[in-house]
Amino acid sequence: MHLDIQSLSHQYQSGKNATFAIKSLSLKVEPGILGLLGSNGAGKSSLMRILATITKPSQGKIFWQGQDIIKSPQLLRNELGYLPQYFGVYDQLSGIEFLQYMAGLKGLDEPLANQRIKDLLDKLNLSHAAHIPLKGYSGGMKQRIGIAQALLNNPKLLIIDEPTVGLDPQERANFRQLLTELANDRCIIFSTHIVADVESIADRIAIMQTGELIQSESPQELQNKVANKCWQLTANFSELKNIQHNFIVSHSLRKENKVELNIVADYCPDVRAISRTPSLEDAYLYFTSNRVPQADFSRAC
Amino acid sequence: MNKVWQCFIADFKQRTRQQSFIVTLLAMSVLTLLYFPSLDAQYQTVMVNGYRGIYNSAWLGACLAMLNIFLLPLICFYLIKNGLELDRQSMTNELIAATPVSKVTYLFSKWCSNVLILIFILPVMLLTLILIQLYYGESYQIDLWALIWPQLVFVLPTLLAVASLAIMFESIKWLRGGVGNVIYFFLWTGFMVQNIQGVSGAGAILSSIRDEVIERFPLQQSSTHIGVSISEGVDAIKTFNWQGVEPTALHLWSIVPLLIICLTCFILAVIFFDRFSQNSRTENKPSSWLKRVLTTQIIRRLDVLFALLSKNFSFTRLLRLELKLLLKGHSTYWAIGLLVLNIVQLFVSKQLLVSIFLPMSWLWCVLVISQLGQLEKQANTLELITYSKSSAVLQSLTSYSAAWVLLAMASMGSVLRFAAMTEWMLLIQLIIAISFTVSLAYFCGAFTGTKRMFEVLYPALWYVGPIQAALYVDFFGVNSEASWQAGIPYYFVAITVVLLLLTVRAKSTRYSMY
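Those sequence lines, one after another, are chains A and B. Heads up: the first sequence is residues 1 to 301, going by our numbering. Heads up: the second sequence is residues 1001 to 1514, going by our numbering.
What the hints contain is simulated information worked out from the structure, not anything from laboratory work. Owing to the predicted nature of the structure, the values given are computational and were not obtained by experimental measurement. Positions of the beta carbon are idealized from the N, C-alpha and C atoms, including for glycine. Be aware that one or more of the hints could be misleading.
What the hints assert, rightly or not - Across the chosen pairs, the derived CB separations fall in these ranges:
| id | chain 1 | residue 1 | chain 2 | residue 2 | range |
| --- | --- | --- | --- | --- | --- |
| 1 | A | Tyr12 | B | Leu1034 | 48 to 54 Å |
| 2 | B | Ile1336 | A | Asn174 | 58 to 64 Å |
| 3 | A | Asp122 | B | Val1104 | 32 to 38 Å |
| 4 | B | Ala1307 | A | Ser238 | 42 to 48 Å |
| 5 | A | Ser238 | B | Thr1332 | 52 to 58 Å |
| 6 | B | Ser1508 | A | Ser9 | 50 to 56 Å |
| 7 | B | Thr1332 | A | Ser9 | 30 to 36 Å |
| 8 | A | Asn125 | B | Ser1508 | 38 to 44 Å |
| 9 | A | Asn154 | B | Ile1267 | 32 to 38 Å |
| 10 | A | His131 | B | Val1393 | 41 to 47 Å |
| 11 | B | Ser1102 | A | Gln170 | 37 to 43 Å |
What the hints assert, rightly or not - Below 20 Å or equal to it, Euclidean Cα-Cα: the simulated PhoX-like pairs (lysine-lysine) are:
| id | chain 1 | residue 1 | chain 2 | residue 2 |
| --- | --- | --- | --- | --- |
| 12 | A | Lys258 | A | Lys241 |
| 13 | B | Lys1173 | A | Lys56 |
| 14 | A | Lys28 | A | Lys71 |
| 15 | A | Lys241 | A | Lys255 |
| 16 | B | Lys1013 | A | Lys142 |
| 17 | B | Lys1377 | B | Lys1324 |
| 18 | A | Lys123 | A | Lys142 |
| 19 | A | Lys56 | B | Lys1103 |
| 20 | B | Lys1013 | A | Lys135 |
| 21 | A | Lys71 | A | Lys61 |
| 22 | A | Lys56 | A | Lys23 |
| 23 | B | Lys1324 | B | Lys1311 |
| 24 | A | Lys71 | A | Lys56 |
| 25 | B | Lys1377 | A | Lys135 |
| 26 | A | Lys71 | B | Lys1103 |
| 27 | B | Lys1377 | B | Lys1328 |
| 28 | A | Lys61 | A | Lys23 |
Kindly produce the complete structure, drawing on both the sequences and the hints.
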């Protein structure tokens, strides 16, 4: 079971001012969780829509189990679960009615559909609201209904675009747990710009920037790549602005009248800085930032 | 089959669980009541050679079928032309697009849902009809078959075709919006004419009634009339007992073309439906010389001038911005068309000007002013406007004034002509017509939250009023002197004020909800 993306490009405008949403992207997706990271506008949602067979790409090929899904999208749709970043519901229907509707569209038999709906409502903690019209749902509940509809047909390929938006910390933790349980026998592509969402669960991380795939490694490999570039510096508040201007600051913590900063830089930023263990966020910021340390600070240690 | 059923039932529930559906059913019931006035009412509807049938089941069933054949295709089209739009607006379209459901299955379920919604209207009207028959008591014998068969043979196939047409209009990109609404209005007009003149359908019932009246009362020399006519008093109306007709092969034959339309439209819908795909790739064509001149040399300079003139008062500042909001996004060719129509207004004869070119210039603006009153809902900016508002009334009045200014600009050629000819009465009627049209647009937009109602209602009024010169709908002043004598301008001033007050009040209430 695998998804093979080959030289994929998608352009929104043609002619002189051609705008590429995706540029020559190649990627292999194996069973497990692929975390797709990138800033807003990096092209993640465009890629998601192409993989979900909603948008036809300008160039390139996508193979699912060896079959071209650009030519025959129906082959994938039977095995696909998709949660778009922005989606809506029929607000006059109850949660259960909406899921029955989606199950119908996915071609599920009624008894199987009803069983799946019951299980998913239980898993996503929505059983109590199953018969309430969706217009009465909170943002988090609607998001969970979205997740439930994506899982209805027990998909072999699950594409979820920013699924944790609107979920509270407890719901996010539950959702990560659910994804981990599901990841054994299917491909999951989880797009987000919140690194913490994928840090603990992704088998592989792909980082996109301005439509291009700039990294595709395991979380550990990515962290190894920045292992000697992560520093901790306790500085005065008066220095903060200058440091933020010159370096990538991945985290800051106020400590009395000073501030403890996690810095990512090719060179030691200051004589007071000490080396520290890298995180995925450090790697993400390092690869997506175009800043280079200034000469004044370089080789300070 | 499960796919069709689930899709159909969900769509049907979503569309019928809204208050507007109940309101529509009630409105259809009221329409039925109004269509069958008593003998001493101020108006009559179906009259043949000065005769009308007594209100027995045969007469009521046949007349209701005629009303439905003529009116339901218009009302129902706009009622159901939101099946696919609903999925786009509710943003369920991407979820649907990623499922394996086929275009045929999805569209067929939408068609079934459309049909069932339309069929719901018929029992409501029939029930009202039975109450009407019992209330007037001209015949207490309820013949269900006589009431129902004209609806089954004439109305139902029409509704099936309308359901298909609505799907087709929604599937073809350029027919989806206001242009489609206006095009459908003219299709409907053609359908009406064809139906009245045809030997099958409504024309068959009408000629059957007419033949019987002529045979039984050969001395009468009056005409056949379907619609609203002013009653000349109880004594002037003669009634007769019409026993109705049974369905014949000719009647049944009239179903065939409607079924062919139904099937053809559905096939076209399947061909053109994009399955909510997002493959649109815009071509960056260099803008034409004409467009560049119009935007940089004329429109931008006019805007600078307007900004300069309006900067001292909050009302005029907001008016300029509301006008920009109305005009943004419309094609340059639309502006050029408006300019050309204005130039034509300067040179054609007075008759042509009042009855053709001035109404045409206004029809040209329908898709622009139909945005009035509902822009904030469509753009989802209601909360932003509410918290930043200086006054809901000020905002309402500036939107209203912006549309007023637009229609005045569309009539500049006529204004100059009327002033040059010292046709002051026509000028006053023009001002009343602008005020009425804008009030109507604002009312429709604010109360329905969509552009559709005005886009349908206005062409209908436009056709009956200025084009057909019907005195009582002559808001334009085509029958200038007769219109003043009948007091029509005063009625329209009153309607304008009522519509405006209702709209401002509704909008103020809506704002204060936050």
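Note to self: Checking one constraint from the list: CA of Lys1377/B to CA of Lys135/A, max 20 Å. Satisfied?
What the structure shows: holds, 17 Å
Notebook entry, point to check: Given the proposed pairing of Lys1377/B with Lys1328/B, does the C-alpha separation stay at or below 20 Å?
Noted result: holds, 17 Å
Margin query: Just to be careful, I want the Cα atoms of Lys1013/B and Lys135/A compared with a cutoff of 20 Å; is the pair within it?
Written below: holds, 14 Å
Notebook entry, point to check: If you check the beta carbons of Tyr12/A and Leu1034/B, does the distance land in 48 to 54 Å?
Noted result: For Leu1034/B against Tyr12/A, whose Cβ atoms are near 53 Å apart, the range 48 to 54 Å holds.
Margin query: Check whether the Cα positions of Lys1173/B and Lys56/A lie no farther apart than 20 Å.
Written below: holds, 18 Å
Note to self: Checking one constraint from the list: CA of Lys28/A to CA of Lys71/A, max 20 Å. Satisfied?
What the structure shows: holds, 19 Å
Margin query: Please verify whether Lys123/A and Lys142/A have alpha carbons no more than 20 Å apart.
Written below: Holds, at roughly 15 Å.
Notebook entry, point to check: Does Lys23/A lie within 20 Å of Lys56/A when you go C-alpha to C-alpha?
Noted result: Holds, because 14 Å separates the two Cα atoms, which is no more than 20 Å.
Check: Has the hinted range 30 to 36 Å been met by the Cβ atoms of Thr1332/B and Ser9/A?
Finding: Hint holds: Cβ distance 32 Å, inside 30 to 36 Å.
Note to self: Holds or violated: the 38 to 44 Å window for the beta-carbon distance between Asn125/A and Ser1508/B?
What the structure shows: holds, 41 Å
Margin query: For Lys71/A and Lys61/A, compute the direct alpha-carbon distance and say whether it is at most 20 Å.
Written below: Holds. Lys71/A to Lys61/A sits at ~9 Å (cutoff 20 Å).
Checklist line | Holds or violated: Lys56/A to Lys1103/B, with C-alpha atoms at most 20 Å apart | finding: holds, 17 Å
Checked against the numbered hints given earlier, this structure breaks none of them.
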